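> Listed here are the chains, written in short residue letters.
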Amino acid sequence: MDAMSTNTPRKTRLATVWLAGCSGCHMSFLDLDEWLLELAEQADIVYSPVGSDAKTYPADVDIALVEGGVANADNLELLLQVRANTRTLVSFGDCAITANIPGMRNMLRGSDPVLRRAYLELADGSGQLPHAPGIVPELLERVLPVHELVPVEVYLPGCPPPAERIRAALEPLLHGERPQLSGSDQIRFG
Amino acid sequence: MSVCTLRINDHDIAVPAGTTLLQAAQQATIPIPTLCFLEGLSAVAACRLCLVEVSGADGREEPRLLAACVTAATEGMRVQTHTPRLQEIRRTVIELLFTEGNHVCAICVANGHCELQNLAVEVGMDHSRLPYRFPERHVDLSHPQYGLDHNRCILCTRCVRVCDEVEGAHVWDVGWRGEHCQIISGLHEPWGDVQACTHCGKCVDVCPTGALFHKVDTSSEKHGHPERLQRLMHARTHQQWTP
Amino acid sequence: MSSCLRLCTAASCRSRGAMALLQSSDRPVKEVGCLGPCSEGPLAAEGAQLLSLKPAEGEPLAPSLGAALAGSRAISADDPFLKLQRRLVLARCGVVDPGCIDDALAQGAYQQLQAVLAANNPSAVIDTVRRSGLRGRGGAGYPTGLKWATVAAMPSDQKVVVCNADEGDPGAFMDRTLMEGDPHTLLEGMAIAAFAVGAAQGFIYIRAEYPLAIERLRRAIAAAEARGWLGTAIGGSRFSFGIELRVGAGAYVCGEETALIHSIEGRRGVPRPRPPYPAEHGVFGLPTLINNVETFGNIPPLLRLGVEAYGAGTKVFSLTGHVQRSGVLEVPMGTPLRTIVETMGGGAPPGRQIKAVQTGGPSGGCIPASALNTPVDYDSLKALGTIMGSGGMVVMDDTTNMVDIAAFFIAFSREESCGKCIPCRSGTVQLEMLLRKLLERRASAADLTQLEALCHTVADASLCGLGQSAPKPVLSTLRHFRGDYLELLEPGEVVR
Amino acid sequence: MPTLKQGFAALEPVLQRHGHQAHGLIEVLNAAQQLYGHLSEPLLRHIARQLRLPFSRVQGTASFYHLFRFAPQARHSCLVCTGTACHVQGAAQLLAELRAAPLAELSVELGSVRCIGTCSGAPLVVVDGAVWNHVDANAVLARLRELER
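Residue numbers (the numbering used here), protein chains in the order written: chain A, 1 to 190; chain B, 1 to 243; chain C, 1 to 496; chain D, 1 to 149.
Everything hinted at is true.
Just so you have them, the derived chain C footprint on chain D, three or more residues with Cβ under 8 Å:
hint: 1; stretch: 64 to 70
hint: 2; stretch: 77 to 85
hint: 3; stretch: 105 to 116
hint: 4; stretch: 121 to 130
Computed beta-carbon distance windows for the label pairs:
hint: 5; chain 1: A; residue 1: R116; chain 2: C; residue 2: L61; range: 51 to 57 Å
hint: 6; chain 1: C; residue 1: R436; chain 2: A; residue 2: E121; range: 30 to 36 Å
hint: 7; chain 1: B; residue 1: I107; chain 2: A; residue 2: R116; range: 21 to 27 Å
hint: 8; chain 1: C; residue 1: L439; chain 2: B; residue 2: R236; range: 53 to 59 Å
Simulated from the structure, these hints should not be mistaken for lab results. These figures come from a predicted structure and were not determined experimentally. Note that beta-carbon positions come from the ideal geometry of N, C-alpha and C, so glycine has one too.
Build out the structure end to end from the sequences listed, making use of the hints.
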C-alpha cells in the first residue's frame, strides 16, 4: 500500500454511502456518539453524506458502509464506483441487504406501474409523470439488494442496525479483520 | 412400557418407545429448530428444519435425513442434529422462505416476536444468497377483529390444523398448489364472509409470523401465543386447568 | 392366432385416423390395441404380418380401409423392432380385442387366477413372485414379492390393492398401451395380488388424460364382473374382490404413493412422510398394496411360465424423440440401450447423431451417447445417475441443448410440486430461475456453483420422491454435458 | 328460480354412488364438471353440503387439480402437448406462437396438456378432444379457422 511507505501508520479510509434508503442507518451511525471521536482517530472519513463534503467517490477506500437498496440509475452508477474503489464493502442495513421498504414497489412489477400509481392514480387532478432526463434519475425496473449486483464482503442487517452493532462490525474491520457477527444482537433483520 | 436407548450427538438417552426424535432431543435439552411443528397439533414435517441425520436404524448404516417431528426413536439409533450438511439445509430453507414471500421485518406487526425472524438469526442468515422474488400477494382485512397478510405467510398450515383439529370449524385450508399455494378461507372468499368462523382467534395465536394478526396491533405489537393452545390441550386431555 | 384383419384403434393410431378407416371398412375388422411401431401408424395386422397404413409423406390418409390396405407397406416379422422383443406383458396386446372378454378368455385370460384359486395357497403365490426377483416397474424398483409379503403379514381383516395407473412421466405410455390393448391382464394380475395378500377391495387410480384407457377399463371391469372374474365368489371360490376406477384430475404428484392414497380418499394429492408405509397404513388407514400397471401385468405371464422360464423378465419401453421409429417395445431385461435406440429404433434422423437418451422422466437423467452400450437394468442406470423409471425413453440428437432440457424438467417439477414442503415448492422455482439466467447468458461461475449446491439441498431436504429427484435432470446433465453449461457462462463476474 | 337442489339434480346419482361420502369428492367434482362445464360457486357449495365437507376443503381440493376449472369454457379448446417428446420437437415455440395469435377471436381457449402418450405424433395439439399430429402454428391456426366455418 502507498501509505505504508511513509512509515507513519496509514489511517483507514472509511466511506459511508447512501443509496435508496431513509438515511436511518446513517442516523444510527451518528448514534455512535463519543465513539465517533475514537473512530475519527483511526479513520479518515473520505466520503459520506454525514461526515464529508466530497462530491465524488474517491479511489482507494478501505471500508464503505453502503446504506440502501439500488433503486435508480444514479444508485447503480454510484454502487459500481464504490465497488471498483473499495476493499471491504459492507452492506449496511436491511435496505441494502433485502431491498426492504424501497423493495416493496417491486410487487407492482416494474417502474412504470409504480410511477403511474404514484403520479397519476393518486394525484389530485392534475397528475403527470415526471420526465426530466439528466436531472431526475431513471428508476430501475426493480429495486435490488446490493449483493445481487456486486460482491459484498460484510453484511450488517437491521432497520436500522443499532449503534452497538455498527461498532461491533467496524472495530475488527479497523484492525484489518473480518467481523464474525452472530446472534440476535448482531444479525437480526428488522 | 418398553424403553429404547439411542444416542443423540454425544448423549445416550433412554425414552419410551414411540417417542419422537424431537421429544427425545428436548428431553436431553438438545435444541432442534422447528417451524411448522407445534405441540398440540398433528405433525406434518413440511418445513424440513427439524431434519436430523439418523443412522443405525433398521440396520442401515448410511445416515439418512429424517424429520425429527415425525420419526419415532428406535433402539440403537444414532442421531446427529447439527452437522454442516444440516446447517446448510436449514439456512437454505430459511432463505427460501424469506425469498418466496415479502417479509419486511421493519414494518411487520410481529417484528421482534417472529419465529421466522428468530430462526434467521439461529441459522446465521445475515443475507439471502438466493434472489428475492417479490411476489404479488394480498391482504385480507374483511374480518372484524383479525387480518391475514399473505405476504408474510409461510404456509406452515398451523392455522389450518388448529382450526380443524382443535376448534373444529375448518375455516382454513390450502388452495392451489406448488408456488401458487395459498391459505384460503371458505370457498376462497373473504375471511369476514365465512360463517364457519367462530372468531376464536386460535389461528392468530399459533401463527409463527405476522401473517395472522389482531387488527388493533401495529408494528412490533403482535405476540404469538402458542402456549394458549398447549394449556387448552392439557386441560382437555387431563382435565387440569391453570387458572 | 386369428386370421381376421386386426386394426389398432389405440390412442396413437386413433390420432392418425384409425377410426375413419374402421368406419369405412366393408369387411370384418377386429379392433386391437397397440401393435408397436406407432410412428408407422395407422397399423394393421393379418396373422403374424404387420401392415403400415401410413400414407406417403405429404399425402392424406387413404379414404377407405380397402384403399389403405392396397397401398400398405408390410413390416417384416424379421424387422429388429419386432424380432428383438420378448412380449410377456404385452403378449395379447395387438392380438386380443380389448372390448371383448370372450376373445380374451379364449386366449387364456383369467386362467392363472383360476389356477391360483384352485391351489388356494396365497403364500405360494407370494413365494413365486419373490423368487422371480420381480421389481416394481413404476420406477423405484422395490422388490414386488417383499411388498406383497409385508402386506400379507398385516393382521388386518380388511386390506386394499391399488393399481397406480397415474402414468405421468412425459414421453411414457407403456401403461396406457397395456390398459388400452389388454385390460384383462391387468385386472387378472390385481385379482391374483388381492388373493395373495388377502384384500377384497381394489382401486385403479388412472389419470384423466387417458380417456380411451378409462373407457376400456370400465368395460373390462363390468365384463369381468358379469363373468364372475371380479366380485363375490370368484371362479366359484370363497374369494371376493371388486375393483373401483378412480380418475385423477391432472396432478403428476399423485403418482407418489402417499399422494395417490390421499387422492383416492378425495383429498388434495399431497404426500406425507413415510413411515408409516402404505403396507401398514394406506387407503382409509387400511394395509394397502400399491403396484403399477406393468408390475401387475407381469403376474399372469410369470405364473404361466414359472420362475425359470420367466427368467430375468422384461421391461416395456416407450421410445420417442429424435429417433427414426418410435413406439412401444418390450425387451428382455438387460438389453443394451444401443440395441433399443439404434437397432430397433433406427437411430437418429438422417444426418444427425444421438447426443443423449433421457430415461426416468422428471425424476431421471440423461445418458450420454458414449454410454449406449449400458444394459438397461435398474442398477446400471442408477450408476449412470439416472433411473430405470417407468419406461419412457426420449432420444435427443445433437441439435438438443442439454441446459434447455434440464430447464424443461425443472419447470415440469415446479409446476407439479404440491407445495407442501419448502425445498421443493420454492427450490424448484429458484433452480429454474438459475437455469433461465444461464440460458440467457447472464450467469456467472458463482451461479453455476449455487445451482449445484441448491440441487443437493432440494434433493436432500424435500419431503417426497418428486422433490428429492427433481434436481436429477440438472445433476445428470451437469455430470455428462457440463460443456453445454460452461458454454453459456459469461467470462468473469456479471453485472446486470 | 329453482332451488339449488333442483338445479343440480343430475348430480344426485353420482353422489349416491359414493354414498354421499367425503372420499368421493374428486369423482363427484369430475362428474359435476362434465355435467355443468365448470365448477361454479353454487355448484361447489352444493357438493360441500351434500358430502358434508367444509367449503374450504372442497375449494382446496378442487383447486389442487389442474383439470378442474372455475369459469366457463370457450367454444373450442386447443391444448398444446408439453411432454418431453413434443418439447424436443418444438412444442415450446409452438405454444409461444399460438399464445401470440388472436385465438379469442376464434372462440378458442389455449392451454397445455401433459404428455398424452401418443408421442410418435410429436409435436401435437389436442383440439376439442381430437389429436392433431406433427403440427406447426400456421397449420393449427388454419385448421382452427376451419372449425368456425
